[in-house]
Every structure is written in structure tokens, then in C-alpha cells.
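Number of protein chains: 2
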Amino acid sequence: MSDTPLTLDEQELARIDAWWRAANYLTVGQIYLQANPLLHDPLQIEHIKPRLLGHWGTSPGLNLIYAHLNRMIRKRDLDMLYLAGPGHGGPALLANVWLEGSYSEHFPEITRDADGMLKLFRQFSTPGGVPSHVSVPTPGSIHEGGELGYVLMHAFGAVFDNPNLIATAVVGDGEAETAPLEGSWKGIRFLNPERDGAVLPILHLNGYKIAGPTVLGRQSNTTLTRLFEGHGYAPRFVTGDDPALVHQALAAALEEALDEIAAIQRKAREEGLDQLPVWPMIVLRTPKGWTGPEIVDGKPVEGTFRAHQVPLAGLSNHPEHLQQLARWMASYQPEHLFDEAGQPTPDILALAPEGERRMGSPLYANGGRLSTPLRIRELDLYALPLNADQRARHRHESTRVLGTLLRDLYRDNPDNFRLFCPDETNSNRLGAVFEASDRCLVARTHPDDDHVSPQGRVMEVLSEHNCHGWLEGYLLTGRHGLFASYEAFTTIVDSMATQHAKWLEHACRVPWRAPIPSLNYLLTSTCWRNDHNGFSHQGPGFIDGLLTKQPAVVRIYLPPDANCLLSVAEHCLKSVNYLNAIVIDKQPQLQYLNLEEAREHCAHGAGIWEWASNCGDEEPDIVMACAGDIPTQETLAAVDLLRDYLPELKIRVVNVVDLMILPTPAQHPHGIRESCFLSLFTASRPVLFAFHGYPGVVHQLLHGRPGAERFHVRGYLEEGTTTTPFDMVVLNRISRLHLCLDVLRYVPGNLKRSAGLIDYLETQLARHHDYIREHFDDLPEIRDWVWSNHPPVNKS
Amino acid sequence: MSDTPLTLDEQELARIDAWWRAANYLTVGQIYLQANPLLHDPLQIEHIKPRLLGHWGTSPGLNLIYAHLNRMIRKRDLDMLYLAGPGHGGPALLANVWLEGSYSEHFPEITRDADGMLKLFRQFSTPGGVPSHVSVPTPGSIHEGGELGYVLMHAFGAVFDNPNLIATAVVGDGEAETAPLEGSWKGIRFLNPERDGAVLPILHLNGYKIAGPTVLGRQSNTTLTRLFEGHGYAPRFVTGDDPALVHQALAAALEEALDEIAAIQRKAREEGLDQLPVWPMIVLRTPKGWTGPEIVDGKPVEGTFRAHQVPLAGLSNHPEHLQQLARWMASYQPEHLFDEAGQPTPDILALAPEGERRMGSPLYANGGRLSTPLRIRELDLYALPLNADQRARHRHESTRVLGTLLRDLYRDNPDNFRLFCPDETNSNRLGAVFEASDRCLVARTHPDDDHVSPQGRVMEVLSEHNCHGWLEGYLLTGRHGLFASYEAFTTIVDSMATQHAKWLEHACRVPWRAPIPSLNYLLTSTCWRNDHNGFSHQGPGFIDGLLTKQPAVVRIYLPPDANCLLSVAEHCLKSVNYLNAIVIDKQPQLQYLNLEEAREHCAHGAGIWEWASNCGDEEPDIVMACAGDIPTQETLAAVDLLRDYLPELKIRVVNVVDLMILPTPAQHPHGIRESCFLSLFTASRPVLFAFHGYPGVVHQLLHGRPGAERFHVRGYLEEGTTTTPFDMVVLNRISRLHLCLDVLRYVPGNLKRSAGLIDYLETQLARHHDYIREHFDDLPEIRDWVWSNHPPVNKS
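Just so you know, the protein sequences line up as chains E and C, in that order.
Per the working numbering, residue 6 is the first one in the first sequence, and the count goes up by one each step.
Per the working numbering, residue 6 is the first one in the second sequence, and the count goes up by one each step.
So here's chain E without its partners, still in its complex pose (with noise of 0.2 Å):
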């Protein structure tokens, strides 16, 4: 380290390091004090929390960082957000909002004081308290720890048309193992210094997980400058457990770091993107639980893993424990760190950037109040035009429909909407959009690609964690955007929307977050139509992952044509706060409903399609309800032959497009009264429901509705392969064929009448077997026959 330039002069030497030890102070002090915050008294064991919780390992390195920051923003004026990958490094996050006192701005109780010092330690990881880890109510932050791997993802998802913002990302050298991790250096190739601002990479290599020795820690430099040089970045090192050179080291990296961003982006402002940017990153080797205790009980602690959470334990056993934790406090030196009332020091405070520049601060983390809404022109602009006697008689791609509306939303909304997608975009019949934007990639481009340039603003990555990802950082920043996927392959993220929804719910708890834009989610290319891609991409089971979570958060739309598509999805991007399923598939659907109509109807979330129904006023002799399109489409099939065959029975067609109005008004919000419940799907008679998804989610939701027991739910049941989209719906039994044969099981009485019926049943689907049996021998007829069994529904 010898060489390393004297970046800092001895007066911010001094600064920072007082910073630094003041927050390592303070992230000691919470995870052991209850009293005595200043040691003003000498250490006893009843100042010591009953129960000791927290992660000492990670934390002087984020201290170590955010100081330094500091430095670097005050200096250059930055916009500057800190993503702490390090979850576990809660302690060390809210000692740094404390001493720059964003923190008592967002607590006003949590005083910049001795007081506000002690409730600080106090409430840290105890019943009714805060998390370890960096979280939602930690001011500044976008990002919470727990669920490792997704902190650049959320870094370049923010800085996305945010020309003027940095984002530091810390990443632990524990969460560099995770996969979604891995896959998230490539974000350079999707970031253009044009209009998005720069993330900027720290790789902390404190050498150890929980338990065991991390990959990456266990590199040589040589190693690791390889494999960074080979995803696009310029790394540069700063190693040692000195702190006065690990100081100096870290100020001339991070000067060298963010001179590079500012060159970047300068050029490519002023000359455009001629060459690829090379991006500046950080690896940061220091030891873990760096400045505590070196040995406990004979063994090494310091740079082991043994410092991953709480390096002295069982202190009221261990009065040699205590002892040590007093002298590893007073190593930090508070008297010279804080005034006699707790207050830090001036000079201390001098560290601190001003106003929204603190990191505890940005509006940029509180990204609903920069948010504004969504520019959406009239809905009349897309709608398909449909008369009465056109309903379920023409097939339309909805999501052509649907394409256009996106397309104009990149015209009118050009830095503040972005749709996500793994590479389907076109596949998924939304290619409209390429009217307006192309696909982004800062790469070297083809005369043969399609749509591709830095330019672009369709983000194109074959990651379903990528697109996730940097959809929640560009919302929680406060804009707009659609995550667009195959049905089957969303459930790849189901644990990504797990800690969406769970931060969308703390959210709501924590006064001073503005609520930010939805999470909306178009699942196409469904477990009904997968041709050719068979078994593996047929699976709806990413909407019983989102029934999981709290009703406040979750929305699940099935809109059975285009018209309701439009409907659903302008509710969906003017909402906030929401996970919100949008379901349906891209292959061309029957129509049912004009623009007017379908508004109703979504506004309603269900209701009685009359024009399929055959009992006016009266009570039907069966309820036939649908949600999804394919659903709808056998079901008005099914009521159709039993109208021909048996024209006396009494038929009440539901469709549902909002699937929260099942459950009851004290389950989910969007849950209709009993009244209407009633009103639609009557008291006592028998409900045939066709379901889009896995029926376990029809009946999980019926609980505690008057007689759920009376409603039969035909829906996925995990059958299917290469076939036609007849023959899957043969194959789970939800066929207009299965929906009659249904009718005559549930609604007795009717045998007699209906022996033309069931000839006509069984014959058909003998019919289907033998074709789908001897298929190769018989392509022509499967083809006549089979692949165009969807006829139109003779509706009148």
C-alpha cells in the first residue's frame, strides 16, 4: 500500500475516520446496549439487552463506505442512492442516517441526542422494534436485505432515465454466490450514459458467508480482475486492515470511480455513444467484523466467520466477555466522537452532505413523491369496435390491442414508462411498441437486428430476473412499467414478488413512503395455448403464489377478450402500491364485449353476461361461470350445445375478470357483498366454474361463502404436452364436451332428456381420442378435425 497517493489531507483523514468509528460505534451499541449509551457509566451487565441479535461482520465495511460517500458527494455535488446488499447490515445503515440526522427527521422521537442514541440502540432488533436488516423503514433505502441477490438489479432498475443519479451498490461477497447476482453485472449492457445515470459497483470481500469461505473471496486479484474486465467493468482494489491506508486507498478509488462515471457520460452526452463504455467498479478487501474483537475464548474472530453476528456472546455468564466489549467500545473513542449530550461532534457533522443530498434522504428513495402519473390517451383509441351481434363469433389478438396502447405509452411517457420482457415482446404480440422504441442493448449492433440500439427503451433480456428486478428499482424511484412473460416461466420470480409484496406492505405502514407505481404483471402465452412448447411451459401457478400475500397488495385480473384487457390495463398502470396479474393469452380470443361494456363489467370485477344467459330474472337451474379466456370460450360452447339439446334447462352465465371479488369483503378488499355474491351466484344452485388456473385457487378463495361446497371447479390440472389447444382442454377436462357432461352430473332430473346430449358427447370425444391416438397416421383429418375445433360460439 505504500504507494497508494495521499488522496485525503489529515484534516478529512481525521473527519472520516471519526465518522467511521462513530458508526461503528453506534452499530455495536444496538446490537448490545439497553442503557449506558455513552459509557458515560462503566459497562455492567444490565446495560446489556436481555437477548443479543444482530450481524457485526458486514458492518464496519458499509460504515467504512457510506463515510466515504459522504466525502464524494459533499465534493462533487452528487445525487447519490446506497444500495446495502449486505442486508444483515441493518445496524450499520440506521447509525449512518442517525449521525446525519436524516434520521431523526424521518423519527422525530429517535432524537440526534443521548436520548435518541438510547432509543436508537433499544429498538433495534427487539419486539416491536426494527429489522436487522436494511429495510423499509430504513430511511434512503430502496432495497431490502433477506432475500440475497438483487441488489444491482435494483441499482440499475433506478438509475434508468435518471441521468443525474449514482447508484453505489454494495454487494456482499455471501449474495456474489447467488445466482440472480451473477446474472446482474451484465445490467452495463442495458444502461446507456445517455439518459440513465451510473451505477456504481462495491464488491466487499470479507472473505466469509455464515459459516463457510465464499467463492469469490477466495480469488486471487488476478482472478477477479478477469472476470470483472470480462463482464464490462474496470475494477480497481483496495485491500488491508490499516485503516488510515484502506482510508487513503478507498478516497483515491472512489475519486478515480467517479471521475470515470463523469467522463462517460460527458462524452457520450456531448459526442454520443461511439464506444462502449467501460464502467468503473470497486472491490473492497477488509477484514469481516473488521475493529472488534480479535480472539474470543482463544479463538480468532476478527476476519473470520466467527464475526458474522455477534461476537460476544453469553455475556452475563462471561464477565471476561463484558470486559472485552467495554474496552472494543471505548476503542472507538465516543468521548472524542460525541458531546457530553450525544450530539456528534462538528466535526463529525461537517461529514454530512446537505438536505436530499444525505443518503438517508434522496427523494429518489421515496420515489413516490417524484412520481407522476402516466400519461394514457383515451382507451377509445385501441378498443376493438364490436356490436351485439358480433360477440363470441370473431377472434382478435388481444394483446395486439393491448401493444398499441403500450406503444403510444412510450410515446407520450418517454422517461418515465419501460416495459420488461425476456426476449418475447414480439412473440408476445406486443411489438407495436417497436413503432416508438427500440430494444436497448449497448453493444455493437447488426444490419440484420431488428429494433436494436443503445436508444432503445424496450428492455430485452432473456431473465426473468433481470426484467423483475430492474422493474422494481425503476418503480420504487417512482416510475412506470409493465413486466411482461410466458405464464409458465413467471413462477421463475415468485420469490422476487414475495419481497415485493412484503415491502409494498411494510410500505404501507411506514408513514412517510409515498405510495409508487404498481408492479404489473402480463402473464401470456398460457397453459392453454403452448402448442408446440408442450409441458414445461404450461404452468398458472404464479397466481397461487400471489394469493399467499396480504390483500392489501394483490390483484389478479383474467380479462376474457381485448376490450377488458384495455379496461384492466389502464386501472393497472393508474394504480399504486399494487402487485397487479394481468392474465390472458396472446393467440387470437373470441370477442364478447364493446369498450363501454367492458369498462362495466371491470369496474364490476363480474357480472351476468344476460346475452349468454337464458333465464332472465329467474332463478337458473345452474350458475356457469368463467374466468379466463379459454374458460370463456368453452363454457359459451357448452351453453350453446345445452341450449340446442336441452332448451329447457335454465342457464346463468358469470364471468369473472376480477378474481378478488371471490373471497369475502372481510378477506380481500375487492370482495363483494354477500348480497351481490348471492345475486350472482345465487344461494343454493350449483355452479359449474371454469377456471383458468389450478382450481385449489377457486376454492381457497370460496371459504366461508354460502355454499362453497355447491361450486365444481374445472381448471389446470397439470396435464398437458405437444398438443392442440383442444385437446388440452380435453386433456383437464374443462372442454365444452366436459362443461355439458358436468351440467347433466350436477343438475339431476335432466337424464332423461338429455340422452341425444350425451350421444352427442360421447361421440365426439370418442372422436377426439382415436384422432389424438392414431395421430401420425392421420395428420390430414387432425388437422380438419383437431386443430380447428374452436369454432365460433353461435351466440344470438
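Take these hints with a grain of salt, some might be off.
[Stated by the list, open to error] Footprint (simulated), chain C over chain E, 3 or more residues, beta carbon under 8 Å:
no.	stretch
1	224-231
2	421-433
3	486-497
4	504-516
5	534-546
Please keep in mind that the hints were generated in silico from the structure rather than gathered at the bench.
For glycine and all other residues, C-beta sits at the position ideal for the given N, C-alpha and C.
We have chain E already, so just place chain C on it with the hints.
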């Protein structure tokens, strides 16, 4: 390419090229033809399938690699698996295994002649036929295409403890963008050439995904070299579009790569692992859709994204496309590849390895045939002794008991069992395994490391994806294992579980696939006991995902104590073809049953706990059911209170271990007969069911059971934070206090008698809420009251 050494002599070159052309021909045939397989007649529109489905783009590359691997296998007598990451190359793999004869041996009706060739063509991507992905019925495959990202993980899992096996894993450049794939290059850091086989990755860069260019495809060789050297590989590049040159270059690269693998293995096995190996890999850059149509309708196709699926479409309306197809197929010169009868020429056949050396026939790819049962010692060795009067009085860490069993599995099955865990083995109380084996890490080790060595077989990597993927590969090649995870983070691999379930569901219907050992999950560190980790770590949703799979393959167990855990674990470890989830926390549980009782209880899946009930043979007033450790504890504590305050109330306690006894036998093979169901839960009495996970799980399972509406389920309501265990059950309204209040609600007529109880419950709840609200003003009180408020249940 002029410096390329001529690795292949003329005959070898001609033979490899002929194989390649034959495979390409058969690939095109599968996509297009329903007649005239050998083009003996001029191609007519009636020879063309009515619907064209399939993926051409990736196939020529897959065929090329197959041809060359054949040569290497023959030359070096290798055991090799071919894992095709680009799953859409289904027709390519089918072409090759048909050529080598494996296909006809697995599917005798698809003979290796013109008749079989036609059947091969017609069945492809056809209803009732075979999927367009490499899939379960593809001989030689252990890797389903479809959901991308797992090919390297599967390859590494396959070669662990298989020292003679080489798994060649072809990684598509689309797949290479997924996070799981990017996170799996590090498999070599866990691969010990002394005892494990080798993985040879071939990154196939054809430049495009479905529609967009790929990130890696657009990087220079210099950048790629750095990246893969950084990952620990020595990459070799094979680039070109001239077949003769590429053949020579690929042959040379394979020779070198296999030399290096052999050298690494020889050195490690003879001298030990003193140096860390640098493993070979190959980067193959060839055009997408190579040898297909160059230009269609004036637009470039070969080498662009337009070659992804079917390059020539709409043949009936475009006679020129039909002519172009005829020229394309003729360009392979089928008359020189197949004799009049359609059999491959002897020269082509001479390239195929023999018997099980053929990549369509290795036993490794049908691992059930290689599998030997685990040696498991008598459970008495591990069981907790427990007298009847000790029931529910003592706490013990049940997973620690399981750890001793796992330790002996390592001792008794050294190359037939591994534990996979994201760095939580000790944290999850399974640390006894380190008495038998170390953590595996092939890297420098430090003196302070705890049980870390390249010889270790405990697989700890902070990546749920790698843990799951490796275990899949290990199981699919016939070995046994367990994936232990924090419950909440198991959902990170929801979609991997889905894909493995689909594999098993499909495999059950493929007669030649032998059953493989089950995929066993231990879900621990559960939602109820993440005291300091808080809300982000609280999520039992993995159960909800499993429920959606076919009943034939899914089992979910909730053992309440250590002996039940032992019994369930033994059962799961001995089973085949299932996904078994075992859910139990790592914190000390109350212990209820001795081993004998536990075995009987678990064998039934559920039972009445007479010793906790007070109704003898009489019909109870209420059934208190429970599933899971904490719900069982709270139920028994509630019963205690009720018996104190309301001794006349007749209570039956039913504990459920096997969740799948709840559905009807028609819905799940474990579903108990209705008479058994009634004998547990009565026909009409209210049932208060305290459940470990989300209540909706139980509601959906009970659908169709008599009186399902009388089941009142309490479970995890997605409420949580950093708090005490008792506060968690209060927040989610499943505490003993809440359960008592529920009993009063559901068993009317007790109100008068129960004034004392109500008073007690309300006092306790108020006291709890006060403490939580005032937490940090009163920490010692919290310790005394809240933390310890799980007193032993007073059972006699």
C-alpha cells in the same frame, strides 16, 4: 483458420460431415415432412405437415457437437452424457439418437429405416407425439429443455461422485443470459477431480435469442476470454461458417479439452489435488440456422434471428418456399447418407459408439437403473427416549437429531449421498455431518476455516439455484440427497421444483425410465421462528407451489417433533420419484412421541392424540387439529387452558403429519378413506385446525370432504416482523389465547361457564400488546414475560 492443424484425416472428416448432414437432414425432416421421407419423389405440398412447429436455429450446432463427440467417445472409450441447454433443439437430439440406433431400442416401433424415419418425422411436435424440446422421452437425456438456465447445474450434479463420467453441457447464448446459468459456471469450485467426473461446457454462440441479439454473442473473444478465465476456465474458440474448417477446429479443440481433463484427473488422482485445476471449455461461434436457407423473401435468414424457428413457412401459399425447402433438403445429399431402405450408410454408422457408450444409451442418463438403496442405520440409534409422562414437557432441537442420522449417511454411503444447503448446515442444526465430511470447496483454505476442504462432500453454496440443480443432477444419475433450506427462501427455486415435478410426472409414463430417488427438501428456519431475521424471512409459500403439482409426485410432511422427523426422513430417503417436503423448525420443539409411537403415527399420516384429548370414545364438542411444530404446541397449550377452565368441554386432538391425507383418495393417493376421515374429524363437529402455513392450503385440500365448511383454519397470515416467537403467533391469530377464543366462538353455549377463561385470555392478550407496544422502555420485562412465554404444556 489457416493455422488450424488438420486433426481429422480425410476419411474422418468425410464421416463426421456425413453424420452431421444426416442429422441436419433428419432435423429438417421432423419439422416439415409427413410423407416422402427420403425425397424419393419430387417434394409436393401434400408431403408437408399441416402445421409447422419446431426450432431450426440451434439444431445444426447441436448436431455438429454430437457428431464430434461420437468420434471422441469411440477414440477414447469415454462415458459421456450430452446435456443440451438449448432445449428447443429437440429434433436435433432425436435425429442423432435415431442415427446411432438408441432410439429404436427405446421405441421399437420407430425403426432405423424409411418406415421408422417417417414415423420419427410425423410424431415430432404433433398431437400425441413428442415435444419439440429435449425432454423425458429423449433417450440419453437428464435435462429437459424448456425453462432455461439449469444445464450446467445438472451437469455438475451428474458428475459428482461419478469419476469416470464426462458431462458435455451445451449452453445456448440465450440461456447464457439467465441468472441461474450465469450463477452456475462456479460449479468447478466444488468439483474435485480426485473423485468427481468432469463437465465440459460448450458455449454455443449463434448470436440471437428469439428476436434479439444476445449479450455474450456481441462480446469480443478477448472479453469472453477474460470472463471465462475469471470463472476459472481456459476457453478455446471455434469460429466459422465453412464446415470443413470448423470440423477441423472443433475436432482439435475437443482433443485438447479432453487431454486437459484427462491430465487434470490423472494428476489429482495420482498426486492429490495440490494445484487448483483450470478446466477447459469451448466457445463455438457458428451461424444460427447454419446450412439452412440464406435468404427468404429477400431477407437474410441464416445467421439471423429469423432462423430461430421455421425458416420457410406458409408453403401452401408460397410454392417458391416449397422449392427452396426441396433444394435445402437436397443440399444434404440424402442419397449418400441413407440407402434405399432408409438405413444410414455403414460409413455413418461407423461413427456411432457401441452400446451404452452411445449418448442416447448411457445408464447414467437412466439413473434409476444404476441406483442402489441408501444404507440407513436403525433409527433407535438416533431416537430421543421419551416416557409418557415426559410428553410435551421437554424441548429439543429436532433437526439436530436428524443431523446425526445424516452424519451416518455420509459415513455409510460415501459416494451415494450428499447434503445440499445454502451455507446454513450449522445454522440449521445439522452440523453433525461435519463429523463425517467437510464442506466442499476447491480453493485455497485457511487455518481458521471450519471443516472446509476439497475432499468435503457437504455442498454449501449461497445459491438455492445451484443447490437444487446439483441435487437434481445427482438424483437423475441415481444417487440420493437432501436439500436443506430456510423455508422462506425455498421459494427461490419454486420454478425448478415445478420443472423437476413435471419431469417425474412425465417419466412415470415412459416405461424404460427407471424410478429415481426422490428429491427431499428440509424446510427449516420457518416463518414462526425468524425472531431477528423478520418479515423477509417469513414465508411458507413453497407448500402452496408444491400443491399444484400432480398428486402422484408430491408429498408434504409436517413432523411435530424429533422422532416423527426421523420416521418421516427415513421414509422419504427410501422413496423414489417424489418431491418430499419436510417442514420443521430448527429451534427446540416440545417432544411428544417416542420412536415407536412416532413410527405408527407417521405411518397413518395423522391420528388422534388420546393422551391430549379428554373425550375418550365419545363424540367431542370440538376437534382441535394441528399440523406443524408451532401449531401443535399452541394447540396443546390451548387444550390445557380449556381443560383448566372448562373441564366439561370434550376436546379431541388430532395431529396431522402427512398433509396429503386431507384430500379425498380420488384427489391424492394418500387421501384417507371417508370412514377414516370421519373417525378423525367426526361427521359434523366443528374443527379448529391450526396449520403451519397459509390457511388456504388446508381449505383447498379439504374441498370435497364432508362438511368442509366446519373446518376453521388458522395459519400464517403474512403478518410478521422482527419480534418474539410468541408475538408471531399472536400477530397471526394462532396463539393458544386465540385458539381458546376460537373454541368459545365455534362451540356455542359455553359463554356463561367461560367467563373466567375469557377474562384470563383478554388479560393476557392486553398484557402482551402493552409489552410489545412499549417494548423498548421495558426490556427486562419483555425478557421475563414474552420471550419465555412458551411454557411446557402441562400434560399428564
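Hint by hint, here is what the structure shows:
1. Coverage of the stretch 224-231 of chain E by chain C holds. Counting CB-CB distances below 8 Å, 5 residues qualify, and the rule asks for three or more.
2. Under a criterion of three residues with beta carbons nearer than 8 Å to beta carbons of chain C, the stated coverage of the stretch 421-433 of chain E is upheld, 5 such residues being counted.
3. Given as covered by chain C, the stretch 486-497 of chain E passes the check, having 4 residues with a CB less than 8 Å from a CB of that chain where 3 are the minimum.
4. With 4 residues having a Cβ less than 8 Å from any Cβ of chain C, the stretch 504-516 of chain E passes the three-residue criterion, so the hint holds.
5. Figure legend: the stretch 534-546 of chain E, annotated as covered by chain C; annotation consistent (9 residues with Cβ-Cβ distances under 8 Å, at least 3 required).
In this structure, none of the earlier numbered hints is contradicted; all agree with it.
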